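The whole structure should be built from the sequences, with the hints applied where relevant.
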Amino acid sequence: DNIYASGVLRDDVLSKKMDNLIVVSPDVGGVVRARALSKSLGDVDLAIIDKRRPEPNKAEVMNIIGEVEGRHCVLIDDLIDTGGTLCNAAEALKARGSLSVCAYATHAVFSGRAVENIENSMLDEVVVTDTIPLSEKALKCDRIRQLSVAGILAKTILRINRDDSVSSLFESN
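Those letters in the sequence shown? Residues 49 to 221, by our numbering.
Keep in mind that the hints were calculated from the coordinates and are not lab data. Predicted, not measured: the structure shown is a model, and the values here were computed from it. One or more of the hints may lead you astray.
Unchecked claim - Think about it this way: if two alpha-carbon atoms lie no more than 20 Å apart in a straight line, the pair counts; the simulated SDA-like pairs of lysine to any residue are:
| hint | residue 1 | residue 2 |
| --- | --- | --- |
| 1 | LYS185 | THR130 |
| 2 | LYS142 | LEU217 |
| 3 | LYS188 | SER159 |
| 4 | LYS87 | LEU217 |
| 5 | LYS185 | GLU173 |
| 6 | LYS142 | ASN111 |
| 7 | LYS203 | LEU217 |
| 8 | LYS99 | ILE113 |
| 9 | LYS99 | GLU139 |
| 10 | LYS203 | TYR52 |
| 11 | LYS99 | VAL80 |
| 12 | LYS142 | GLU115 |
Here it is in C-alpha cells:
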C-alpha cells in the first residue's frame, strides 16, 4: 500500500479558511492530483498551467487555463526540486491578478538554489511535509513551513499491526 499525505495538506488548506480559493496544477501532468485536492476541498475551481520545459530543471510558463484574477491560488505538486516550476507559476499567477499564491508539496527535495529561488519568488508560502528533512537554510526561510506526517504514519503502522486495511485511511482523500 502507498501512504498519502494529501489529507495533511488538505487539512492545512482548510484551516486557512480562504474565500475565492482556486486549486492550480503547475503543469498538465499534475491535473489528476490538483483535481483530487479540488474535490476534497468541496469542489473548488481548478486552473492549469500549460508550460514548456526547454531543458531539464528549466520551466517556462506559457498559458494559464482558468480564471485566477482576484483569487487565492493553491498550487499542488508531489515534490519540489529546484522550485523553478512553482516559482515561475507564482509569477505568472500574480501577473494575472491572483491575490496570493501558496504552494503545497509532499516532498521537499530542495536541491541546488531551491531555497533562494523560493525566497526571491512571488510565492507567498511553501508548505511541505517532513518526509525529507529540511536543511538549516530551509528551516530558517520564512516562506517555508513544514507539516508532520507522523500522525498518518502512526495510523498506518497501527493498521498493519492489527491486519486492518491501510488503503481505507485514504479513501476519503
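Cross-check of the supplied hints:
Pair hint LYS185 plus THR130 holds up; C-alpha atoms about 14 Å apart against a cutoff of 20 Å. Among the hinted pairs, LYS142 with LEU217 is inconsistent with the structure: their alpha-carbon atoms are about 36 Å apart, more than 20 Å. Between LYS188 and SER159, the direct Cα distance comes to roughly 16 Å. Compliance with the 20 Å bound is thereby established for this hinted pair. Annotation: proposed proximity of LYS87 to LEU217 holds, straight-line Cα distance about 17 Å (limit 20 Å).
Between LYS185 and GLU173, the direct Cα distance comes to roughly 15 Å. Compliance with the 20 Å bound is thereby established for this hinted pair. Restraint check: the Cα-Cα separation between LYS142 and ASN111 comes to about 13 Å, which is no more than 20 Å; the hinted pair holds. The hinted pair formed by LYS203 and LEU217 meets the criterion: a straight-line CA distance of about 8 Å does not exceed 20 Å. At roughly 11 Å between alpha-carbon atoms, LYS99 and ILE113 fall within 20 Å of each other, so this suggested pair holds.
Restraint check: the Cα-Cα separation between LYS99 and GLU139 comes to about 13 Å, which is no more than 20 Å; the hinted pair holds. Annotation: proposed proximity of LYS203 to TYR52 holds, straight-line Cα distance about 12 Å (limit 20 Å). Pair hint LYS99 plus VAL80 holds up; C-alpha atoms about 16 Å apart against a cutoff of 20 Å. Taking the CA atoms of LYS142 and GLU115, the gap is near 12 Å; set against the 20 Å cutoff, the hint holds.
When held up to the earlier numbered hints, the structure conflicts with hint 2 and nothing else.
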